[in-house]
Amino acid sequence: KAGVTQTPRYLIKTRGQQVTLSCSPISGHRSVSWYQQTPGQGLQFLFEYFSETQRNKGNFPGRFSGRQFSNSRSEMNVSTLELGDSALYLCASSLGGRDFGTEAFFGQGTRLTVV
Amino acid sequence: AQKVTQAQTEISVVEKEDVTLDCVYETRDTTYYLFWYKQPPSGELVFLIRRNSFDEQNEISGRYSWNFQKSTSSFNFTITASQVVDSAVYFCALSEALSGNTPLVFGKGTRLSVIA
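Taken in order, these protein sequences are the chains called A and B.
FYI, the working numbering numbers position 78 of the first sequence as 78, with every residue one higher than the one before it.
FYI, the working numbering numbers position 5 of the second sequence as 5, with every residue one higher than the one before it.
Heads up, some of the hints might be wrong.
Said to hold, decoys possible - Here are the simulated lysine to any residue pairs, SDA-like style, with alpha carbons at most 25 Å apart:
#1 B:K108 with A:T38
#2 B:K70 with B:F54
#3 A:K13 with B:S42
#4 A:K13 with A:E103
#5 B:K3 with B:F68
#6 B:K38 with A:K13
#7 B:K38 with A:S27
#8 B:K38 with A:G58
#9 A:K57 with B:K108
#10 B:K38 with A:I26
#11 B:K38 with A:R15
#12 A:K13 with A:F60
#13 A:K57 with B:K70
#14 B:K16 with B:E59
#15 A:K13 with A:R55
#16 B:K16 with B:R63
#17 B:K16 with B:K70
#18 B:K16 with B:W66
#19 B:K3 with B:T78
#20 A:K13 with A:N71
#21 B:K16 with B:A97
#22 B:K3 with A:S27
#23 B:K3 with A:F45
#24 B:K3 with A:K13
#25 B:K38 with B:D86
#26 B:K108 with A:G42
Claimed, not checked - Facing chain A, from chain B, some residues (calculated, C-beta under 10 Å):
#27 T30
#28 Y33
#29 S42
#30 A93
To be verified - What follows is a set of in silico ranges between Cβ atoms, one per label pair, in the way DEER data are often shown:
#31 B:S61 with A:E82: 41 to 47 Å
#32 A:K57 with B:T72: 28 to 34 Å
#33 A:G58 with B:I115: 19 to 25 Å
#34 B:V46 with A:N77: 23 to 29 Å
What the hints contain is simulated information worked out from the structure, not anything from laboratory work.
Everything numeric in this text was worked out from a predicted model, so none of it was measured.
Even glycine gets a Cβ: it sits at the ideal position worked out from N, Cα and C.
Bound conformation, chain B alone:
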């Protein structure tokens, strides 16, 4: 069975601090995709990154970076020098390749509050 766990329910940091959001996943499939989405107060989920199970290279995009480790089934997300605009709920998600396009399985989300 597939499962995504985001153990941190809420995190509060002061602006300019670095913050890491944890994501641990479970899957029996060897081929899968992992995603991070951001949900601002307006409600829509904003796509941040997709990583496939064969690519363990870390990725950096501006102040955002992602650390994918298959050995620990983790796909953590770090925001460097956080800003107030980063305040949102962040979701990690998994999609398996068992039968082609499979739905996204989401974690419960981590609410990040960045305080000025």
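This is chain A alone, in the form it adopts within the complex:
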């Protein structure tokens, strides 16, 4: 079955702009989580969506937001981009039921560069 698909793979934006990243989870998976990966901070959790509702949120400013659609596809948006937002953004999908610890399957990520 198809894996997790993230689009686009690469993006270059200018400071102050906004950006939207997209993630299509594995068919049947209802949970989508987003992570930011940078050389300095490593992998950090942004937020998780389950059945169109945000279920968990990491410690990021309000410029970072997301949503999930009825088909479980998710988008994340970053407004007023800063140089420090340059990172690899990874999306993970899982079944998402109350059986915590279900393994998450990751996409290849979107590499965002802010200039």
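Let chain A serve as the given structure and place chain B on it in line with the hints.
Structure of chain B alone, referenced to chain A:
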């Protein structure tokens, strides 16, 4: 607070050598899951293993093995007879059960280079 420490930033071995990647975790919860992921140059994180806090049995899968010791809060990963294709960044991660599905907390990763 939950925390995962991978003290080894980079490891370089010659092909066919065995290598162990260390992972130490901190959690106040008694119920949690530990994970290992592999990140090849293509970028995606590849799931390798999940272990729950009540199962301290060691696990072997082909050339991979994992040693979970609650007494030392460690979950180490050994690759036997390493191969060039094992070159990647390996992440250890923790998920607590405090409120159902909790996000993964990752260590900083260990970059493994296997030289032919």
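So which hints don't hold here, by number, going up?
Result: hints 4, 6, 11, 13, 15, 17, 20, 21, 22, 24, 27 and 33 break, sorted rising.
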